[in-house]
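Peer 1: Sequence:
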Amino acid sequence: ITFNIPNKWKQFKVFVTRDVLSKLTNQQYLLINFLEAPVLAFILAFLIRYFNTDHSNELGYIFRENENLPAYMFMAVIVALFIGLTVSAEEIIRDQKIRKREKFLNLSKSSYLLSKITIMFTISAIQTLTFVLVGNSILGIQGMNLAYWLVLFTTACFANMLGLNISASFNSAVTIYILIPFLVIPQLLLSGVIVKFDKLNPVITLQTSVPVVGEIMTSRWAYEALAVHQFKNNAFEKQFFDVDRELKQAEFKKNFWLSKLKEKLSSTKNNLDKEDRKEVIEDNLILLRNEIETELQRNPTIKYQQLENLFPEKITQHVIIETENYFYELNRHYLQL
1 ITFNIPNKWK
11 QFKVFVTRDV
21 LSKLTNQQYL
31 LINFLEAPVL
41 AFILAFLIRY
51 FNTDHSNELG
61 YIFRENENLP
71 AYMFMAVIVA
81 LFIGLTVSAE
91 EIIRDQKIRK
101 REKFLNLSKS
111 SYLLSKITIM
121 FTISAIQTLT
131 FVLVGNSILG
141 IQGMNLAYWL
151 VLFTTACFAN
161 MLGLNISASF
171 NSAVTIYILI
181 PFLVIPQLLL
191 SGVIVKFDKL
201 NPVITLQTSV
211 PVVGEIMTSR
221 WAYEALAVHQ
231 FKNNAFEKQF
241 FDVDRELKQA
251 EFKKNFWLSK
261 LKEKLSSTKN
271 NLDKEDRKEV
281 IEDNLILLRN
291 EIETELQRNP
301 TIKYQQLENL
311 FPEKITQHVI
321 IETENYFYEL
331 NRHYLQL
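The sequence shown runs 1 to 337 under this note's numbering.
To be clear, the hints were calculated from the coordinates, so they are not data collected in a lab.
Please read these numbers as outputs of a predicted model, since none were measured by experiment.
Check the hints yourself; a few may be wrong.
As the list claims (entries may be wrong) - Derived EDC-like pairs (lysine to aspartate or glutamate); straight-line CA-CA distance at most 16 Å:
| id | residue 1 | residue 2 |
| --- | --- | --- |
| 1 | Lys109 | Glu91 |
| 2 | Lys303 | Glu293 |
| 3 | Lys264 | Asp198 |
Said to hold, decoys possible - Okay, the calculated beta carbon distance ranges per label pair:
| id | residue 1 | residue 2 | range |
| --- | --- | --- | --- |
| 4 | Lys303 | Val243 | 38 to 46 Å |
| 5 | Gln96 | Glu224 | 32 to 40 Å |
| 6 | Ile204 | Val243 | 40 to 48 Å |
| 7 | Arg101 | Leu206 | 50 to 58 Å |
| 8 | Glu224 | Asn270 | 23 to 31 Å |
| 9 | Lys196 | Ala147 | 23 to 31 Å |
Positions of the beta carbon are idealized from the N, C-alpha and C atoms, including for glycine.
Build the full structure now, drawing on both the sequences and the hints.
Peer 2: As structure tokens, then:
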């Protein structure tokens with residue numbers, strides 16, 4: 001018999017084995033956790049499986065006509081967050097008494113925590129996989145199961161880590177479950193889906209940019225990943241995406257971007273000899289200089305030789321005319337695309 005403390009790897013294996021065996025004996029735990037995701041997927045997908053009931057529709061459900069797909073993607077993200085939180089919220093607090101006894105054995109805390117993380121990630125992988133398989137099959141989302149699973153799995157992993165942290169921070173399961181809505185509701189409100197970022201209270205955020213708190217919302221990035229992948233990489237769109245992107249960029253350039261630059265150039269031209277408008281001219285020229293420099297890198301075929309003269313002390317009527325000619329050539333270029 002040896003009383004030496006096992007190395008961290010052996011401790012990790014013991015912790016995992018003990019936790020897995022404990023969970024396998026709890027049939028109610030297994031039933032709830034492994035049926036929760038597919039049942040929620042079935043309910044969600046079945047409810048939003050919209051199709052036109054008009055007599056002219058002889059095909060029944062048609063995937064491309066289902067306008068509820070964005071709602072499905074967003075709710076899938078929220079479900080992943082919710083089940084990831086609930087499955088891990090009690091994991092550490094449940095072991096309080098065992099951990100107190102083992103404290104005197106000087107066992108590795110990192111091995112214990114890694115065992116918890118491994119088990120939670122495994123459970124979440126199974127839950128999100130069953131959710132995707134059931135939900136996507138009902139709605140007819142084809143060829144994207146892996147991408148959907150990866151997004152929802154990583155979202156659930158984030159929720160697992162958050163749940164383990166609150167489980168280690170509080171000494172009451174009731175407190176933890178009361179706290180869960182306070183963690184989930186901001187993910188709903190600040191995802192940019194339910195309430196647009198530019199429609200938030202202007203007292204706490206700017207209407208011209210995403211608030212900082214919105215940048216750190218997992219729900220925002222997970223939903224965006226699903227939405228972009230669904231649009232860009234479906235079997236139909238991926239054949240035309242590069243062409244469509246070029247056309248949209250050209251449309252933006254000629255209809256919005258160029259018109260704004262022309263406004264700035266016109267403002268500079270009108271205020272060129274006015275001493276009290278120097279600040280306006282300087283701001284206009286900074287914008288023009290930066291945008292034209294970027295455009296020259298992106299589109300070097302259309303030449304512009306006056307970039308070095310777009311400064312308040314160098315700007316002249318000749319430079320303005322040359323810039324107008326450059327904008328004219330750019331407009332012709334984007335019209336031909």
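Peer 1: All hints, please: hold or fail.
Peer 2: Tested hints:
Of the supplied pair hints, the one linking lysine 109 and glutamate 91 holds, its CA atoms being roughly 14 Å apart against a limit of 16 Å. Distance restraint check for lysine 303 and glutamate 293: the Cα-Cα separation of roughly 11 Å lies within the 16 Å cut-off, and the hinted pair is therefore satisfied. For the suggested pair lysine 264 and aspartate 198, the alpha carbons sit about 25 Å apart, so the restraint of at most 16 Å is broken. The hinted range of 38 to 46 Å is not satisfied by lysine 303 and valine 243, whose Cβ atoms lie roughly 26 Å apart.
Evaluation of the 32 to 40 Å hint for glutamine 96 and glutamate 224 yields a pass: the beta carbon distance comes to about 39 Å. Isoleucine 204 and valine 243 have their C-beta atoms about 41 Å apart, which keeps the hinted 40 to 48 Å range intact. Between arginine 101 and leucine 206 the Cβ separation comes to about 53 Å, which falls inside the hinted range of 50 to 58 Å. Range check, glutamate 224 to asparagine 270: about 41 Å between beta-carbon atoms, so the 23 to 31 Å window is missed.
At roughly 25 Å, the beta carbons of lysine 196 and alanine 147 sit within the given window of 23 to 31 Å.
Hints 3, 4, 8 from the earlier list are contradicted by this structure; the remaining hints agree with it.
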